[in-house]
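Number of protein chains: 2
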Amino acid sequence: MDERLILVTNDDGYASKGLAAAIDVARTFGRVVAVAPETTQSGMSQAITMYNPLYLRKVREQEGLTLYAFSGTPVDCLKMGLDCLLRGRRVDLVLSGINHGSNSAVNVLYSGTMGAAIEGSFYGCPSIGLSLDDHSADADFDAAVEYGRRIVGAVLEGQVELPLCLNVNVPKGRPEQVKGIRLCRQNRGFWREEFFRREDPRGREYFWLTGEFVNAEPEAEDTDEWALAHGYVSVVPVQVDLTDYGRLTSLGEVLK
Amino acid sequence: MDERLILVTNDDGYASKGLAAAIDVARTFGRVVAVAPETTQSGMSQAITMYNPLYLRKVREQEGLTLYAFSGTPVDCLKMGLDCLLRGRRVDLVLSGINHGSNSAVNVLYSGTMGAAIEGSFYGCPSIGLSLDDHSADADFDAAVEYGRRIVGAVLEGQVELPLCLNVNVPKGRPEQVKGIRLCRQNRGFWREEFFRREDPRGREYFWLTGEFVNAEPEAEDTDEWALAHGYVSVVPVQVDLTDYGRLTSLGEVLK
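From first to last, the protein sequence lines stand for chains A and B. All residue numbers for the first sequence refer to this note's numbering, where the first residue is 1 and numbers rise by one. All residue numbers for the second sequence refer to this note's numbering, where the first residue is 1 and numbers rise by one.
Think of the hints as simulated: they come from the structure by calculation, not from any bench. Some hints could be false.
Here are the simulated PhoX-like pairs of lysine-lysine, each with C-alpha atoms no more than 25 angstroms apart in a straight line [what the hints assert, rightly or not]:
hint, chain 1, residue 1, chain 2, residue 2
1, A, K179, B, K256
2, A, K256, B, K172
3, B, K17, B, K58
4, A, K58, A, K17
5, B, K179, A, K172
6, B, K17, A, K256
7, B, K17, B, K256
8, A, K17, A, K172
Now the stretches of chain B that chain A is said to cover, found in silico as 3 or more residues with beta-carbon under 8 angstroms [unchecked claim]:
hint, stretch
9, 6 to 12
10, 38 to 44
11, 142 to 155
So these bits of chain A aren't anywhere near chain B, every CB distance computed over 12 angstroms [stated by the list, open to error]:
hint, residue
12, L5
13, P175
14, R204
15, H230
Ideal Cβ positions, reconstructed from N, Cα and C, are used throughout, including at glycine.
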């Protein structure tokens, strides 16, 4: 059997500790090509760069791994990998992450990590976004690596129907503190923002986004937010048909 | 009754013809506060700016309209409007657009116009993303304005359940050529990209994203893509729970 080929990307940038952890996970299963952003791209959602040229740079080549930095968004990186560098080759898995910070609940919509993971699933290979509920640059990724390996292994060896996109979130703490894996639905909630407001050194007022997540259903035990808060690894299978089917009929009355 | 208050935003920028057209639509129904990006933000999806300060500039104030330019993404603009400028006030509608170019099918995921419209629906008011299937800067917006008015009016006067987010796409052409409004589901499909590859003036190779939409179901008459291609205004009710419920059980077998 040919060696497996895995594309790794993230949104924290090519030099982040989380990318190295994702490469660790992926290297267990095959050869890795990693294409990651030059700079942090957190919160970039599924954005693509339409009006700027982008630059690609090979950072490192070693046994079983080629690492590139690309000047675009996470989705740009994913596309550079699958549409250009690996064009025409069979890619067995896309792994996006490991993100510094969780992407549970509605954060799946803003997350660059999940933007790339969703995009990956459009290319006919299983795609996994993996995040750790710890924002710090030197976070302990051991639990995320261990559970990442377990889930990637299960997906590669199991019979999974495509497209497949998983949003995996791992709680903070040591591996032995994790209680297990839970399949979950996406928690309902939203962000309420405050704009931090100051004067810059030239006397111009600036705004800086900050905010707080409002969990609309803190007691619901079948959600990713609950699982994560209670020490479990949450796994949400993700699909991208945003149609609100329940309203196709009722809105017909309003719009007629 | 108090005059209605409508927040308008877009992704093509504060000076675009489409924003002026959206303001036209909104002014029919009430007072307008518009917060639009300083520069084009097409393809920015639901991105938020986390690591940069943002600047706000009042562009114009006139009877029934205040227009601001904001240096962030469409979602940043929406949040600036609802979390800051209009904080504590009742906003009756969010209108995002009118986009230069359609946002049917999977484009709902990449579109900054729809990113802002989706975000708007999180704030407890109806939210509509409105796009015209014509990318040109001087596109004829008459049909989009006419149908935009019709749909905004129906939503404001009808009994609609919240949250509500609509993805409305208007075909190119004169208003009298439009065949009517169709409630649709989101078309399945994806983009296959090519990277345009050249040398910049300094001899460095650059990449520029370009691509082609692959419609996975061109014959399906209940999709937005079909409606638009056949001369109808498409309306897709949008929701943001990405959970693939059908797989919660089958994946349990794989991950156990």
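Taking the earlier hints as the rules, which of them does this structure contradict?
Going through the list in order, the structure violates hints 5, 6, 7, 9 and 14 and respects the others.
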